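Work the whole structure out from these sequences, hints included.
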Amino acid sequence: WTKYGDSAKITHNIFAYLNRHWIQREQDEGSNVCDVSTLMYQLWRDQFFMSIRNTLLDSVFSLMTRIRNGQVADINLVKSVADSFVSLGNDDSGIASKRMEVYEKYFLEPFIKSSVEYYREEADRLLQEGSIIDYIVRVSSRLQEEDDRVELYLHESSLKDFKDALNKVLVTRQKDKFYSEFEPLLDARDSLNLKRLYSLVARTGKGSALDPLRDIFSAYVKKAGLDAIKQVSGSEETGGAIAKEARLFVTAVLGVHDLFAGLLHDAFEEDTGFSKSLDNACKDFINTNAMCPEGEARAPQMLAHYCDTLLKKGSGNVRKAGAEGASDEDSLEAQLSQAVCVFRYIKAVDVFQKFYSQHLSRRLVYEQSVSSYGEEMMISKLKEISGVDFTSKLTRMFTDMTLSKEMSEEFKEKCRDGDFAIPFDFDMKVLHTVSWPLKAPDTKLLLPSELSSVCSRFTNYYQNKHNGRKLNWMWQHSKAEIKMFFPKATGPAAKAGYIFHVSTFQLAILMLFNDESGPGTGYDSPNGPTLTLEQISQATGLDNDMIKPELEIFCKARVLVSSNNKISGDSKFTLNANFKSKHLRINLAVSKKVEQKREATDTMRAVDVDRMYAIQAAIVRIMKTRKQLSHRQLVEDTISMIKLFQASIGDIKKGIDTLIDKEYLERSESNRDVYNYLA
Amino acid sequence: MTEQLFSQYQDFERTDGKSLIGPEGFERLSTDLGYDMSQVEPLVLMWKLGCTEMGTVPYENWSQSLTSMRVGSLDQLRKEIDSEIDRLKSDKKEYQQFYRKMFDYLKTGKQKVISVDYAKDILPVIKGADNALFDKFVAFLDANSERIKTINRDQWQSLLELSRTMGDSLADYSKEDAWPALFDDFAEWEHSQK
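So the sequence lines, in the order shown, correspond to chains X and Z.
Read left to right, the first sequence gives residues 362 to 1040 (the numbering used here).
Read left to right, the second sequence gives residues 4 to 197 (the numbering used here).
Calculated directly from the structure, the hints in this document are not laboratory data.
This structure is a prediction, so every number in the text was calculated from the model and none was measured.
Here a beta-carbon is modelled for each residue, glycine too, at the ideal position from N, C-alpha and C.
Careful, some of the hints might be misleading.
[As the list claims (entries may be wrong)] Here are the simulated lysine-lysine pairs, DSS-like style, with alpha carbons at most 30 Å apart:
id	chain 1	residue 1	chain 2	residue 2
1	X	1023	Z	115
2	X	1004	Z	178
3	X	917	X	805
4	X	988	Z	96
5	Z	197	X	1023
6	X	556	X	644
7	X	1023	Z	113
8	X	1023	Z	110
9	X	985	Z	139
10	X	1023	Z	178
11	X	605	X	805
12	X	988	Z	104
[What the hints assert, rightly or not] Here are some chain X residues pointing at chain Z (derived, C-beta under 7 Å):
id	residue
13	992
14	1015
15	1021
16	1022
17	1023
18	1024
[Said to hold, decoys possible] Pair ranges (Cβ atoms, derived):
id	chain 1	residue 1	chain 2	residue 2	range
19	Z	153	X	957	46 to 52 Å
20	X	522	Z	180	52 to 58 Å
21	X	1010	Z	82	35 to 41 Å
22	X	799	Z	180	39 to 45 Å
23	Z	179	X	989	16 to 22 Å
24	X	862	Z	156	55 to 61 Å
25	X	1040	Z	66	35 to 41 Å
26	X	576	Z	175	33 to 39 Å
27	Z	128	X	1040	34 to 40 Å
28	Z	128	X	1010	32 to 38 Å
29	Z	153	X	727	42 to 48 Å
30	Z	128	X	991	31 to 37 Å
Structure representation (C-alpha cells):
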C-alpha cells in the first residue's frame, strides 16, 4: 500500500501536465473524468481492495485483540490501514462528505462492532467473577487505556462514535448496578471508588445519567444531617442552657456539611448538580430537625446565639488555636466563616437578623465584645450574603458607640470648664432609636440626687447640641459600680471597701441606705437606716413588683438583712453589718432566666409583626405594577418576592384580607378569583 | 297620595327638620301591611323603599320608590313586595343586591364591620333555597363566639358566593382558592364536625 501510494504520487506528477489542462477542462465541463491520482486510488480500491477487504479487517481485529490482551503488537499497522480506508474514499466528484464513506462503512463500523464484542465478553466475565467495585476499577482502567490508545490510530472524526459505543457496553448496561452500589460506597466514605464510579457514569453524559446518583446523594446527606442532630439533641450536657444547645447544634451541622463537601471535592469534581443536591439537603435538615420543630424557627435563633458566644467575652468559648499556632484572630475568623456557612442555609433569615441585632446591642451596651475586629468581620461577611439593608442598622450601632465616646469626652470637658465636678465616674451611650432593638423604658425611676444632677446636666448639653431631639434614659439597661464600706469589715475590705456591680434600679435602692436624711428610720443605729418596702417604693418611684426581686437578690447575697427573713410588706431592711466575702468585686446584676425566655418570645412576636407588614408591602407593590392579578398568581409572586423568609399561604391570605379591608384591593365583580388594585 | 301615606307613618318628633319615617313608624307600616317583624318581608320592604338605615326612609326615597314601583296604596305596596319576594327566590342577581344591602343595614354608625350577633340573627331569615351553607356558618360563628366578633363586608359578600359555589358542604373547599382567611377556619371547623 505504501509503495502504491508513493508510485501513485509519482505517476500523478508525471501526468501533471495532463492533470492541469485537459482534466481540469473536462471537470469544468462536468464530465466524470478525474485526475490521475484519484484515478489511481480508484483503481486500487476497485480492483484490489474490495476483494481482500475482509481478510484485512480480520487481521486488524486480531491485532487489536492482541493489543488489548496486553501482548505486544504494532499499532502503527492499524493506523496505516485506517488511513488507507480514508484515502480510498476520494470519490470521483471529490465531495467531502462522501470521502469518509468507504472508511466509515468498511472500516469503522466493523471495527466498533468487534471492539464492542470484545468488551462485552470482558464485562460479563468481570461481573461474574468479582464485585461491582472490582468491575469499576477494572473498567475504569480499561477505558483509560482505550482513550489513550484510540487517538493513535483512529481518524479523529470517529473518536466520539467509538467512545460512545464503548461507554454503552461497559457503563450504560450496568447502570442499575452502579446506582445500587452508590449508597454503600457513601456509607464507607470511600472517596476513591466514589470518584471512579462518578467518572464512569459521567462518561455517558453529565446530565441525566448522573441525576439518580444526585438524588441518592441528596437524600443521604439529609438523613445523615437529621441523624447527627438527633444524636446531640438527646444529650444531657446542655441542661437547657441555650448557649450549649446552640454550640452542639452548630457543631453537628458543620460536621455533616464539611464531610460531604469534602466528598464533593474529592469524588465528584465539584459537579454543579451534586453541589446543588448538597445545598438542598442542607437547607432541609438544618431548618427542621430534632432540635428545630417545624415552624418555630429555632435554627436561626440558635445560630445567632452561637455567634454571640463567639463574639462575647467570658462566654466560655474555648477557641482552638490553629495547628501552626495561628493567631487568635485567625481562628476567630475561621469560626465565624463556618457560622456564616451555616447561615447560607437558614430559611427564616429575618429571625436570625432580629436575634443577632439583639445580641449585638447587648454586647455593645455592656461592652462585652471580645474583639471589635471580629465584630466588623462578621458584619462584612453578612453583608456579602444579605446585602446592605440589614447590615446598615448594625453598622449604625457601631457608629453610635464611637459618637458616644466622643460626646462623653466633650461633655466631661464642658463640665470641667463650667466648674462642675461630676461626683462619680460617669459614662453614657447615646443610641439612635431606629437602629437599636431596644424599647423605651416602661418604669419610671427617681434617681438618687447625686445622679440626677449629672443626668439633667447631660440632657441639657445634648439638647443644646442637637436641637429638637429627645433623650430617653434607659435605666433598665444601665449599670453602676458602687463601693460600700461595711462597719464591721476586716482586712483589705475594711480599707478598700467592697465593689458591687449593680443595675441602676439596684443602685437607687441601695443608696437609700446611705442617706441619713432620707426616708429611713433609725439613723443613729450603726448599720444605717432601716427601710420598709413601702418606703423604698416611695423613695425610688418603683413598683413593689420591681423591688421585691432585687431585695431577694440583696438578701441572698447577704448585703441586706430582712427583719422577718422574708420579703413582705412588714419586713424591715437594713444593711448587713457583718457582710463578708472572699471577693472584693461582686456582681449583683444578674439577668434572670425568666427574663431571657420572655425576651425570646417578645422577639418572635416582633418578627411576626414585621412579617405581616412585609407581606402587605409586597402585595401592594405587586398589585401596583400589575393592576389586576389572579389569586394564585398573586400568592406565587408574593412568595417569590419575599426573600427573607418563607411566607405561608395562610399569612398571605390574611394580608390580602387586610388590604381589602383597607381598600387597597378589591375582588373583581366579574371573576372573584381576580383582584383589582385600587389607586 | 304618596305624601298622605307618608305622613301617616312619619316621625314628627324629629328636631332636625328632616322628614322621614323612623323605625317606630316603619314597624307600624309593616304591621299594617300584615307582616311579621321577625320574618323577611320587612327587610325586603326596607330595601324596596330605599331605606338609608334599618327602618328609616327619607321622604325623597319614599316617593321615588313608590313612583317607580307604581304603587299608590298599601294594598298595591303589599302586592309589590310579595311579588318581589317571589322574584328573589329565582333571580340571582336581584337576590345578590338585596343580600348586599343587608350588610349596610346591619352596620351601626361609622363602623365598617357588623357584629356577629346581627349576622347570626339575619342569616336564617334571609336564607334562600341555594344558601344551605348559611345555617352551618351560623353554627360556626356560635362555636367561635369567643374569637370572632365581627364580620366585614368582604366576608359577608363572599359568604353568598361560597354558599352558591359549594352547595351545602365544604367538602370541595380548598385553602389555595381566593376565599377570605375566615373561611379557611370555617372549612376546618366544618370538616371536624363530621
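Results of checking the hints against the structure:
no. : hint                       : result
1   : X:1023 - Z:115             : holds (10 Å)
2   : X:1004 - Z:178             : holds (23 Å)
3   : X:917 - X:805              : holds (26 Å)
4   : X:988 - Z:96               : holds (27 Å)
5   : Z:197 - X:1023             : violated (36 Å)
6   : X:556 - X:644              : holds (25 Å)
7   : X:1023 - Z:113             : holds (14 Å)
8   : X:1023 - Z:110             : holds (17 Å)
9   : X:985 - Z:139              : violated (37 Å)
10  : X:1023 - Z:178             : holds (22 Å)
11  : X:605 - X:805              : violated (36 Å)
12  : X:988 - Z:104              : holds (28 Å)
13  : 992                        : holds (3 Å)
14  : 1015                       : holds (5 Å)
15  : 1021                       : holds (5 Å)
16  : 1022                       : holds (6 Å)
17  : 1023                       : violated (10 Å)
18  : 1024                       : violated (9 Å)
19  : Z:153 - X:957: 46 to 52 Å  : violated (38 Å)
20  : X:522 - Z:180: 52 to 58 Å  : holds (55 Å)
21  : X:1010 - Z:82: 35 to 41 Å  : violated (51 Å)
22  : X:799 - Z:180: 39 to 45 Å  : holds (43 Å)
23  : Z:179 - X:989: 16 to 22 Å  : holds (19 Å)
24  : X:862 - Z:156: 55 to 61 Å  : holds (59 Å)
25  : X:1040 - Z:66: 35 to 41 Å  : holds (37 Å)
26  : X:576 - Z:175: 33 to 39 Å  : holds (35 Å)
27  : Z:128 - X:1040: 34 to 40 Å : holds (38 Å)
28  : Z:128 - X:1010: 32 to 38 Å : holds (35 Å)
29  : Z:153 - X:727: 42 to 48 Å  : holds (46 Å)
30  : Z:128 - X:991: 31 to 37 Å  : holds (35 Å)
Violation of the numbered hints given earlier is confined to hints 5, 9, 11, 17, 18, 19 and 21; the remaining hints are satisfied by the structure.
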